[in-house]
Every structure is written in structure tokens, then in C-alpha cells.
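Novice: Each chain, written out:
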Amino acid sequence: MSAKKPDYYAVLGVFRDASPEDIKHAYFEAAQKLHPDKNVAAGETELFLEVQQAYEVLSNPKRRNLYDATLPPDIESNSVVKHEVFFSRPNLVRLNEEQLLYVLLEISPREESEKLPTPPLNICLVLDRSTSMQGDKMDMVKATAIQLLRGLRAEDVLSVVAFSDRAEVIIPASIETDRRKQEGRIQMIQPSGATEIFNGLKAGMQEIRRTLNPSRINHIILLTDGQTYGDEQDCLNLAEEAAAQNIGITGMGIGHEWNDIFLDALASKTGGSSAYISKPKDIQRFLVDKFNALASTYADDVILDFKPQEHVKVNYAFRLQPEGGNVQVETPMRLGPILRDMPLHVLIEFVVSPEALVDDVFILLEGSLKLSIAARSTPIPPIRIKLDREVRVNPSAEPPPTRILSALSRLTLYRMQDRARSAADDGQYDTAVRHLHNLATHLLSQGEHSLAKTALFEADNLERMHSWSASGNKDIKYSTRALLLSGVKEKGK
Amino acid sequence: MILCSNCKHANMAGAIFCAECGAQLIGKDTLTTQTIRTDHFNRASSSKPATDTYQSFDGSDAWGSLHLLDTGQVLPLSARNEFTLGRVSEGQPIMPDIDLSAYQAYAAGVSRLHAVIKREGGRMVFMDLGSANGTFINGKRLSPNVEQSLKHGDILALGKLKIQILVKNE
Chain A
0 MSAKKPDYYA
10 VLGVFRDASP
20 EDIKHAYFEA
30 AQKLHPDKNV
40 AAGETELFLE
50 VQQAYEVLSN
60 PKRRNLYDAT
70 LPPDIESNSV
80 VKHEVFFSRP
90 NLVRLNEEQL
100 LYVLLEISPR
110 EESEKLPTPP
120 LNICLVLDRS
130 TSMQGDKMDM
140 VKATAIQLLR
150 GLRAEDVLSV
160 VAFSDRAEVI
170 IPASIETDRR
180 KQEGRIQMIQ
190 PSGATEIFNG
200 LKAGMQEIRR
210 TLNPSRINHI
220 ILLTDGQTYG
230 DEQDCLNLAE
240 EAAAQNIGIT
250 GMGIGHEWND
260 IFLDALASKT
270 GGSSAYISKP
280 KDIQRFLVDK
290 FNALASTYAD
300 DVILDFKPQE
310 HVKVNYAFRL
320 QPEGGNVQVE
330 TPMRLGPILR
340 DMPLHVLIEF
350 VVSPEALVDD
360 VFILLEGSLK
370 LSIAARSTPI
380 PPIRIKLDRE
390 VRVNPSAEPP
400 PTRILSALSR
410 LTLYRMQDRA
420 RSAADDGQYD
430 TAVRHLHNLA
440 THLLSQGEHS
450 LAKTALFEAD
460 NLERMHSWSA
470 SGNKDIKYST
480 RALLLSGVKE
490 KGK
Chain B
0 MILCSNCKHA
10 NMAGAIFCAE
20 CGAQLIGKDT
30 LTTQTIRTDH
40 FNRASSSKPA
50 TDTYQSFDGS
60 DAWGSLHLLD
70 TGQVLPLSAR
80 NEFTLGRVSE
90 GQPIMPDIDL
100 SAYQAYAAGV
110 SRLHAVIKRE
120 GGRMVFMDLG
130 SANGTFINGK
140 RLSPNVEQSL
150 KHGDILALGK
160 LKIQILVKNE
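Protein chains in written order, with numbering that gives the first Met the number 0: chain A, 0 to 492; chain B, 0 to 169.
Be aware that one or more of the hints could be misleading.
[Unchecked claim] Restricting the straight-line Cα-Cα distance to at most 20 Å, the calculated cross-link-like pairs of lysine to any residue (SDA-like) are: (1) B:K7 x A:K312; (2) A:K312 x B:A12; (3) A:K306 x A:D21; (4) A:K476 x B:K161; (5) A:K476 x B:A18; (6) B:K161 x B:G108; (7) A:K476 x B:C20; (8) A:K312 x B:M11; (9) B:K117 x B:F82; (10) B:K161 x B:C20; (11) A:K473 x A:S277; (12) A:K312 x B:A18; (13) A:K32 x A:R209; (14) A:K312 x B:N10; (15) B:K117 x B:I93.
If you're looking for bench data, these hints aren't it; they were derived computationally from the structure.
With the hints as constraints, model all of the structure from the sequences given.
Specialist: Right under this line is the structure:
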């Protein structure tokens with residue numbers, strides 16, 4: 000790819016063999032997002048002009064042929080990331096019943112990426128300042144916010160919004176700033192009122208849009224300690240808007256009163272995840288870690304776009320790293336970020352129906368991986384991805400690859416607590432207790448004694464009082480989630 | 000479909016871990032199933048007081064033994080000359096001298112009071128007590144309430160529960 004001439008196919012996000020319909024569709028989609036009447040971020044008008052230019056060339060068969068002739072022959076190897084695919088089985092088996100197949104997708108930056116500069120940040124801290132935050136929590140949040148502010152580089156932008164039942168912009172998003180004055184404004188935040196997340200999120204979005212730029216890492220960090228009531232759906236809609244503009248959302252919950260399922264759903268809309276901060280003293284560590292992770296972002300959100308196939312469905316998808324979390328099963332799927340020092344690993348569970356196995360080869364998924372890299376000004380061409388398996392009469396005796404086995408063994412624990420949780424929510428306490436006992440057995444056998452104890456303690460609670468202890472379900476959920484990552488790290492050593 | 004050997008949950012084909020109990024389904028030695036079963040029976044039997052008594056004898060003064068073929072357990076017969084065989088079931092006042100319920104007696108079709116085994120002089124005698132599924136010696140069905148002598152190595156079947164008779168040589 001020459002630096003002077005933009006790659007028109009990449010600009011539109013289509014393959015080189017795209018049909019005229021595909022090109023038209025991609026153009027309309029991009030035009031809707033980038034039209035000067037609508038776009039908000041600096042530089043988007045320029046992008047729009049590029050898109051238009053690309054469409055003018057590619058929609059005309061003659062001009063497209065001429066343009067194609069100027070392209071270097073192999074564009075796929077030019078790609079900036081590499082991806083590897085592992086299957087749990089070498090082939091599908093011709094059966095009269097549904098069967099499972101696991102696919103592990105690993106996406107990592109190519110070597111040369113080390114030389115890219117760290118992209119500037121555009122981060123908004125959305126802080127809960129409801130009455131319950133009073134004391135240690137608020138003090139710790141303020142101290143950390145000031146620490147982060149001091150650690151910023153000149154090109155970074157950090158805005159701060161505090162919310163209770165209404166939102167207040169503490170620090171507006173702006174490049175020219177008086178940091179000393181900002182510190183004072185953070186110090187002035189006083190807790191009062193109830194928690195209404197939508198207000199805070201909306202104000203946060205407004206701030207982040209002021210300095211929104213595709214060459215920055217645009218991210219909202221929501222910090223709360225309470226439940227929001229009635230505005231969950233509005234929040235989720237807002238998260239979808241954020242995702243469309245490449246704004247990531249991370250949810251952090253302090254203590255045990257907040258709704259982890261909601262924060263997970265909110266964050267996963269943008270390919271992010273939620274974090275559980277059990278004690279106020281950990282607030283600093285979590286926020287600083289998150290900032291460091293954002294600063295080392297390579298690609299902020301990898302999107303797996305595909306057309307759903309008949310007779311096969313994605314049953315479950317989970318990001319094992321960099322941040323463990325559920326991936327929402329929808330088209331397209333937002334898989335999450337790739338960090339410079341940590342590739343993206345996603346495990347997908349497919350259910351294949353017997354009707355699928357007519358031919359000798361079955362295609363589970365055909366689509367593309369799309370990503371944008373803030374440090375690169377040119378768009379990245381999509382990466383074609385095709386998952387297929389041969390269909391045979393007999394199952395293979397080959398054991399599943401070790402990386403799938405070890406990932407699944409830990410993911411199984413996480414899913415067991417998930418099942419215990421939903422069984423308890425449905426009032427099936429004996430089922431929930433059984434799941435927790437099973438979970439404890441496996442935790443013990445893996446040497447996780449204290450977590451096993453917690454699981455048994457909660458099983459006992461459920462049995463006797465039909466309820467979890469105040470922090471029990473969150474402790475188990477986020478600890479089993481953390482196990483996923485520790486497994487990855489051990490392997491790396 | 001893959002049946003979990005641990006909890007009998009029916010998992011979808013291609014599953015690697017049981018969706019119910021989390022046990023690993025494939026990629027490990029399948030023979031372990033057998034080991035777990037024996038292990039289970041050993042533990043179950045040691046928790047039963049009735050068989051405990053017998054195991055506390057070292058077998059030196061036993062006049063014979065029952066060798067349970069399915070599990071490999073040997074129950075020595077000693078300290079008295081007559082034992083009733085059967086299984087204890089909850090809420091029933093029937094107490095056989097040897098309770099076989101730890102050896103899957105119910106599933107094998109052993110009656111609560113199935114049979115009696117006696118020592119008469121140097122002879123070992125066996126009698127079915129009108130059991131529902133009958134007793135077989137070396138494959139031949141016994142008539143109920145008729146005594147039948149046993150010799151070393153005879154295979155008894157109480158319903159489907161197979162026991163080999165071991166007679167101590169005197």
C-alpha cells in the first residue's frame with residue numbers, strides 16, 4: 000500500500016473482490032455515519048470526502064479496473080494484525096443430533112507495530128457522586144482522578160463528569176487546560192443525591208464527542224456504587240451509539256450494591272467489560288491499571304462481521320483476554336481490544352444442527368474482521384475469515400488442542416457460577432446449591448482453596464436463607480473470571 | 000450425545016466439559032470410570048456397620064466367605080453358624096444378618112429377606128427364602144425353602160447379584 004494513495008477498498012471496508020452491491024452498501028453505511036451534517040469528530044469530513052472518492056472510483060467498472068491494475072498483488076499479507084484459529088475438533092461428525100464445536104480466535108499485532116507511537120487518549124471519567132459514595136470511596140476516587148490528571152501527556156484529554164440524579168461537568172473535554180485549576184474542581188465534588196446512570200453517561204458522551212477523533216483512544220470509564228432504576232434501556236441505547244462511534248465503555252462497580260449484570264451488558268455493547276472493586280482502597284489500582292491498558296491499546300475494538308448461516312448458531316462467546324468478559328452474541332460481534340503486549344483471545348461455542356451436514360465441508364462462519372488502529376491514519380483493510388470443517392462419519396480420536404482445553408477448563412468454572420446465579424434467580428435453590436458444590440469441588444482440585452470456601456459458604460447461605468450473602472455472587476463471579484486471565488499468564492511464563 | 004461418567008448428564012456431542020458438573024468428558028483416560036466405581040463400593044461398604052463387623056475379623060476363624068464377583072469384595076462368615084442374606088430397606092423391620100444393599104442389591108433384584116446360609120457339621124447349606132427373583136446355583140434355579148448343599152467355588156446368583164462361595168478347608 001503506497002502512503003500517498005489511499006486504498007479505496009480499505010476506505011470503504013470491503014474486500015477486493017466485493018460485488019457492486021457490497022460496495023454500494025458499504026458506501027451508504029459510511030456516508031450515513033460521516034456525512035458533514037451529522038459528523039461530530041474532527042477529521043470526519045475529510046474521511047467523508049475520501050469515502051466519496053473511493054465510491055466514485057469503485058462503483059464505475061471501468062475506473063475500478065484501471066484502479067485495480069495499480070494495486071500491489073497481495074494485500075492480505077500487508078495486514079497489520081495476524082490471526083490464528085484453533086478448533087476443538089479436526090472435523091464434524093455426521094450425526095442425527097446437534098453437536099458442539101469450539102473455536103478459539105487469537106488476534107495479535109504484527110511485529111512492526113512496536114514502532115508505532117502511543118496514540119493520544121480521549122477519556123471521560125463518569126463518577127457516581129450519590130450520597131452512598133461519601134467517605135473512603137469518594138476520597139479515593141478524587142485522589143485517583145487527580146493522580147491520573149497529573150500523569151497525562153500534553154496531547155491527552157481527560158474530562159470528568161460527576162452525577163447523582165443529575166449530572167455536572169467537572170472538567171470539560173479540551174486540549175488546552177489549566178491542570179491546577181482542574182485539580183481544585185475535582186476536590187470540590189461533594190456527594191449527594193441518588194444514582195441515575197443515564198444522566199452521567201449522557202453528559203460523558205457529550206464531553207467525549209467534543210474531542211472525538213479516530214486517531215485517539217476514545218473511552219468512557221463509569222464508576223458507580225449503586226443501582227440505577229428505570230433508565231437501564233436508555234443507557235444501553237446510548238452504549239450502542241457509543242459503539243457506532245468507536246467509543247469504548249468500561250463499567251466499574253464499587254462495593255456490592257451495584258448491578259453487575261447491567262454494567263456487563265452496557266460495557267459489552269462496546270466490546271468492553273465490567274470490573275468489581277470490592278474495597279475502596281482498590282479503586283486506585285483498578286483505575287490506574289485501566290488507564291495503562293488504554294494507553295497500550297493497539298486496536299480499540301475488533302469487530303467480527305458475518306452473515307448468520309443456516310443450521311449453525313453461535314451459542315456463547317467469551318473474551319479470555321485482555322479483559323475477561325462476555326461477548327454479546329449478535330451480528331456483528333464486538334470482540335474487544337488488542338493491546339500491544341496482549342493479544343485478543345476469544346472462545347466461541349457453535350451449535351451445529353444435523354441438517355448442516357449434507358456436504359463434505361460445512362462452513363460455520365464466513366465474514367471479516369474489522370478493526371481500526373488509532374496510531375495509523377490510513378484505514379485497515381478488513382481481514383477475511385472463514386471457519387469451515389470437513390464432515391466425516393467417524394469422530395476423530397485426536398484430543399482437543401491444549402490451549403482450548405485449558406481455556407475451557409477455566410471457562411467451565413465461570414459458566415458454572417453463571418448457572419448457579421440464574422438458577423437462584425429463578426428460585427431453584429437446590430439446583431443453584433448443586434452447581435456451587437460442583438464448582439467448589441473443581442476449585443479445590445485446582446488449588447483455589449479460599450475461593451472454594453467462598454463457594455461453599457454461599458451454597459450454605461442459599462440452602463438455609465435462599466439468598467446470597469451481600470457480596471457473595473460478585474466475589475465468585477469476578478474471581479472465577481480472574482482465573483481465566485491467570486491461566487493465560489501462567490502459560491505465557 | 001455424551002453421557003457424563005460423573006453425573007450422568009447428557010451433554011451435546013462435541014462437548015469437552017460436562018455442562019452440569021464441570022467434569023472433563025474427553026481427552027482423558029476412559030478406564031478411570033471403573034476405578035471410581037470400585038472405590039465407591041469400598042467406601043460404601045466400610046460405612047455399613049453390618050459388614051464392618053465381619054471385616055473386623057481377620058478371617059482366620061471364618062468357616063467360609065462370600066466373594067462378591069461384581070465388586071471383588073470378600074465377606075468372611077464367622078462367629079455364628081447361620082446368616083440370613085438380604086437388604087435393609089427404610090421403614091421395614093426386616094434386618095438380615097448380612098445386608099447386601101451396599102452392593103447394589105436393590106438394582107440386582109435381591110429381596111429384603113432373600114436366603115439363608117448355614118453351617119451344618121462340615122457342610123455348607125443354602126436355602127432360598129421365597130425371594131421374588133429367585134436364587135441360582137451355578138445357573139440352576141433353586142426351589143424356595145429347600146435346602147441345598149454348597150461346595151467351594153459354587154456361583155450363587157441372588158437375583159442378578161453374583162456371589163462365589165469360598166469354603167475354608169478344614
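Novice: Confirm or reject each hint.
Specialist: Cross-check of the supplied hints:
The suggested pairing of K7 of chain B with K312 of chain A is violated, with an alpha-carbon distance near 26 Å, which exceeds 20 Å. Taking the CA atoms of K312 of chain A and A12 of chain B, the gap is about 15 Å. The hint holds against a cut of 20 Å. For the suggested pair K306 of chain A and D21 of chain A, the alpha carbons sit about 13 Å apart, so the restraint of at most 20 Å is met. Note on K476 of chain A and K161 of chain B: the hinted pairing is violated, with a Cα-Cα distance of about 49 Å set against a maximum of 20 Å.
Only pairs whose Cα atoms come within 20 Å are accepted, and K476 of chain A paired with A18 of chain B is accepted, the gap being roughly 17 Å. Between K161 of chain B and G108 of chain B the CA atoms are separated by roughly 11 Å; this keeps the pair inside 20 Å, and the hint holds. About 17 Å separates the Cα atoms of K476 of chain A and C20 of chain B, which keeps this hinted pair within 20 Å; it holds. A hinted pair counts as satisfied when its Cα atoms are at most 20 Å apart, and K312 of chain A with M11 of chain B qualifies at roughly 14 Å.
Distance hint between K117 of chain B and F82 of chain B is fulfilled; the C-alpha atoms sit about 6 Å from each other, no more than 20 Å. As the CA atoms of K161 of chain B and C20 of chain B are separated by approximately 33 Å, the hinted pair breaks the 20 Å bound. With a C-alpha separation of about 9 Å, the suggested pairing of K473 of chain A with S277 of chain A holds against the 20 Å cut-off. Between K312 of chain A and A18 of chain B the alpha-carbon distance is near 18 Å, which keeps this suggested pair within the 20 Å criterion.
Distance hint between K32 of chain A and R209 of chain A is fulfilled; the C-alpha atoms sit about 17 Å from each other, no more than 20 Å. With a CA separation close to 17 Å, the supplied pair K312 of chain A and N10 of chain B stays within the 20 Å bound. For the given pair, K117 of chain B sits about 19 Å from I93 of chain B by alpha-carbon distance, which is consistent with the 20 Å threshold.
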